[in-house]
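Sequences are here, hints too, so could you generate the full structure?
The letter at position 5 of the sequence shown is residue 5 when you use UniProt numbering, and the numbering goes up by one with no holes.
Hints listed in this document are in silico derivations from the structure and should not be mistaken for laboratory results.
As the structure is a prediction and not an experimental result, all values here were calculated from the model.
A virtual CB, placed ideally from N, CA and C, is assigned to each residue, including glycine.
Hints may be right or wrong, so weigh each one.
[Said to hold, decoys possible] Pair ranges (Cβ atoms, derived):
{"id": "1", "residue 1": "N65", "residue 2": "I4", "range": "26 to 34 Å"}
{"id": "2", "residue 1": "E88", "residue 2": "E19", "range": "16 to 24 Å"}
{"id": "3", "residue 1": "G54", "residue 2": "F1", "range": "16 to 24 Å"}
{"id": "4", "residue 1": "F1", "residue 2": "N26", "range": "29 to 37 Å"}
{"id": "5", "residue 1": "C68", "residue 2": "P102", "range": "17 to 25 Å"}
{"id": "6", "residue 1": "F1", "residue 2": "Q80", "range": "30 to 38 Å"}
{"id": "7", "residue 1": "K2", "residue 2": "E88", "range": "36 to 44 Å"}
{"id": "8", "residue 1": "P102", "residue 2": "Q22", "range": "32 to 40 Å"}
{"id": "9", "residue 1": "E88", "residue 2": "A39", "range": "28 to 36 Å"}
{"id": "10", "residue 1": "I82", "residue 2": "Q16", "range": "31 to 39 Å"}
{"id": "11", "residue 1": "A58", "residue 2": "I4", "range": "35 to 43 Å"}
{"id": "12", "residue 1": "P102", "residue 2": "I82", "range": "29 to 37 Å"}
{"id": "13", "residue 1": "H52", "residue 2": "N29", "range": "13 to 21 Å"}
{"id": "14", "residue 1": "D3", "residue 2": "Q76", "range": "15 to 23 Å"}
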Amino acid sequence: FKDIPAYELGATVIRQILEHSQIDPNEINEVILGNVLQAGQGQNPARIAAIHGGVPEAVPSFTVNKVCGSGLKAIQLAYQSIVAGDNEIVIAGGMESMSQSP
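Quick look at the structure:
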């Protein structure tokens, strides 16, 4: 796995979520993923992971960087958006590939 970037690891998990939950990807409201070491992964690794994972391009996605708490912060933000009534279905978590860090 050392040669796989974090966004591809995230995409693999997203594909599995969609397959096993049987959620229609068009029903997803947002994707929020934590990622600390973003160098060389593009401007928004969560967006890349979402699209590679089968989430439609129309679904907004953003990356959270709060160092070691990035994944947990992504889950907290997803929870808050659901409680506030802004979203119903959010994919959230963290992704990292330490072997890809510069």
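Each hint tested on the structure:
no.	hint	verdict
1	N65 with I4: 26 to 34 Å	violated (20 Å)
2	E88 with E19: 16 to 24 Å	holds (20 Å)
3	G54 with F1: 16 to 24 Å	holds (20 Å)
4	F1 with N26: 29 to 37 Å	holds (30 Å)
5	C68 with P102: 17 to 25 Å	holds (18 Å)
6	F1 with Q80: 30 to 38 Å	holds (32 Å)
7	K2 with E88: 36 to 44 Å	holds (37 Å)
8	P102 with Q22: 32 to 40 Å	holds (39 Å)
9	E88 with A39: 28 to 36 Å	holds (34 Å)
10	I82 with Q16: 31 to 39 Å	violated (21 Å)
11	A58 with I4: 35 to 43 Å	violated (27 Å)
12	P102 with I82: 29 to 37 Å	holds (35 Å)
13	H52 with N29: 13 to 21 Å	holds (19 Å)
14	D3 with Q76: 15 to 23 Å	violated (31 Å)
In this structure, the earlier hints numbered 1, 10, 11 and 14 are contradicted, and the remaining ones agree with it.
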